[in-house]
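> Position chain L relative to chain U; hints supplied.
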Amino acid sequence: KAGVTQTPRYLIKTRGQQVTLSCSPISGHRSVSWYQQTPGQGLQFLFEYFSETQRNKGNFPGRFSGRQFSNSRSEMNVSTLELGDSALYLCASRPPGLAGLSTDTQYFGPGTRLTVL
Amino acid sequence: AQRVTQPEKLLSVFKGAPVELKCNYSYSGSPELFWYVQYSRQRLQLLLRHISRESIKGFTADLNKGETSFHLKKPFAQEEDSAMYYCALYGYNKLIFGAGTRLAVHP
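Chains as they are written, first to last, in the numbering used here: chain U, 1 to 117; chain L, 1 to 107.
Excised from the complex, chain U in its bound form:
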């Protein structure tokens, strides 16, 4: 099976702009999670989607939003970009478990490197 893919791989934006990142999970995986990775804060959970519904959200401002489509592909959007949003954004998918709840392994994509100037 193909792994988790993320597009674009690199992105440069300026402050105040907005950005949309895309994630395609492994075929058959219905759960998609997003993480922000920075040198200072490490890996931080943004949100998780399952069957087009946001199931959990991390401690990020409302400028960070996401959605999931019926084919399980997911997008995350960051509006009014700030310098501190520069980071590697990782997407991960995992296989379905009992009633859609699973603590099974998360498979990570290569990430999108966002630079805000």
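These are calculated hints, taken from the structure and not from any lab test.
Predicted model only: the values in this text are computed from it and were never measured.
Accuracy of the hints is not assured; some may be wrong.
As the list claims (entries may be wrong) - Simulated pairs of lysine to any residue, SDA-like, Cα-Cα distance not exceeding 25 Å:
#, chain 1, residue 1, chain 2, residue 2
1, L, K94, U, R55
2, L, K94, U, F64
3, U, K57, U, L83
4, U, K57, L, S30
5, L, K22, U, Q37
6, L, K94, U, E75
7, U, K57, L, Y92
Just chain L, lined up with the frame of chain U:
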């Protein structure tokens, strides 16, 4: 609140030496704990999970609920083990990562 602590940012050892990467956690329920590894220029990948009780690439980790620890161990380090290691806890529908420990194995 759930939290994962990896006290060492960098662990530097020589090839053949034993390795122990420390991880402590805070969680009110029964934790699901994982070790993820990120080799240079590769994506983050699962190394092992506590419920599997497996040994992967010679690494093992034992969950100690009394000490709330999940330390990663390997008896003899190899140069190819050099990477960033993250301890993670799954709870309340999210994966919480520690800050990570960089393992550098010198020849």
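> What hint numbers does the structure not satisfy?
Nothing - there is no hint that the structure violates, so all of them hold.
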